[in-house]
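Read top to bottom, the protein sequences are chains A and B. Note that my numbering numbers the first sequence so that position 105 is 672, with each residue one more than the last. Note that my numbering numbers the second sequence so that position 50 is 64, with each residue one more than the last.
Warning: the hint list may mix true and false statements.
Just some of the chain A residues that point at chain B, by a computed CB distance under 10 angstroms [what the hints assert, rightly or not]:
| no. | residue |
| --- | --- |
| 1 | Ser579 |
| 2 | Val580 |
| 3 | Ala616 |
| 4 | Ala662 |
It is worth saying that the hints were derived from the structure and are not from the lab. Just so it is clear, the structure is predicted and the values come from calculations on it, not from any experiment. The C-beta atom is built at its ideal place from N, Cα and C for all residues, glycine as well.
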Amino acid sequence: MAIFIRIEPSSSVPIYRQIIDQIKYQVVTGVLKEGDRVPSVRDLAAKLAVNQNTILKVYNELCRENVLKIERGDGTYVSSNKRSMPVVERKKAVANVLREAAVQAIHLEISIEQAKELLEKEYKIIKSAKNKTE
Amino acid sequence: MPTNAIEIKDLRFFYGREEVLKGVNLQVPEGSIFGFLGRNGAGKTTTIKLLLGLLKPKAGTCRVRQIDPQEDEIAVRRLVGYMAEDQQMYGWMRIEQIVKWVESFYPAWDDKVTNQLLDMLELPLKSKVKTLSKGQNSRLALLLALGHRPEVVILDDPTLGLDPIARKDFLRHVIDLLQSNGVTVFFSSHLLYEIEPVADHIAILDKGVIIKTGKTDQLRENIRKFILIPKPGNDFGRISGLLDVVKAGNSVSLTVEDCDDAKLTIIKQMANNSVQETALNLDEIFEAYVIGNRGKSGSV
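The following block holds chain A by itself, in its conformation from the complex:
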């Protein structure tokens, strides 16, 4: 299964983080579906012109978060079970991302109600994208 990933070399976001974010996005929008096989470390590294250790780090991190799972000697797949991380941990991960959004919102004088509305809208866009791909 081919996956599309775009790396922005001049970004302040580290490359392994860019790849993780894009794979996660493709999983939540349903572009990558449960049970889909992702490319091998070697193939993805060659395709993106990225060091194999970086891809290995990405896959390990995504397995730890249960987005992917490695079948021994068979390959890496999109996982079906996403809830092995305790809810406290999952909330913490989301809070980290939302903090940045909150700072930006306050700077630009977006009220908390407006921000909630925006978050709901983003949720809906992703969910409807997922429904279309199903």
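Could you slot chain B onto chain A? The hints should help.
Structure of chain B alone, referenced to chain A:
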């Protein structure tokens, strides 16, 4: 037991009276893709020529797989695949001729690998070297460096003059052909953003000295940038690991290496407001190391 494919100890070299390498120390781990980064004139090519025994050092040593190029240059050349900066090749030769010609220097030349490479790198056998594009030229130079199946590959600014697509294509080959087979790759560049995706280790050479070396992913994690409005009379110089101080209006940005909580506390005490942290991209990190303003005592 991890060992080093390349070891350089206190290497010094002069061109005339000018000291271009002022005691370079470097370890390149076996199997790594090692990015050797520096501005033009930092001494990268000189270091590489010393590694191959093409120049004689004033002091210090280098070893490639434990072999000293000053003692046995031929042994090093047989071990290493080398691609020179802007490599010149005889324009009148056809690709098939130049391959045969280079092959004659290497007892361990592998025809099967060469044919695979010719195919993979899409090099037209019958074309003359002078008719090749820059990208084809680089791929041919790579092929000539790899035909004897070296375990250590040294590439001197291999993507110089390539357009972004040819550059990515070249780096893709480096990863797929070399890293996959456990080959150590030591390559120089002046473009940090180019090195970052490909290299697992990095060294920054500046004015003849290595100013930073380590794993690539740690480079980003170890350096942070803060923006604050300082209280009067601060001595930023007492922040250890300070790389760059820039004043803009009444606020100041500080770029700090190895920033732990203790350092952050010191920085917070210097501020008249809350300290903002901003992300750095790699070019900014490179700049901070190479041309950073370390801050004179108490002033900016």
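> Quick check: which numbered hints come out false for this structure?
Replying inline: The structure conflicts with hint 4 only, although it agrees with all the remaining ones.
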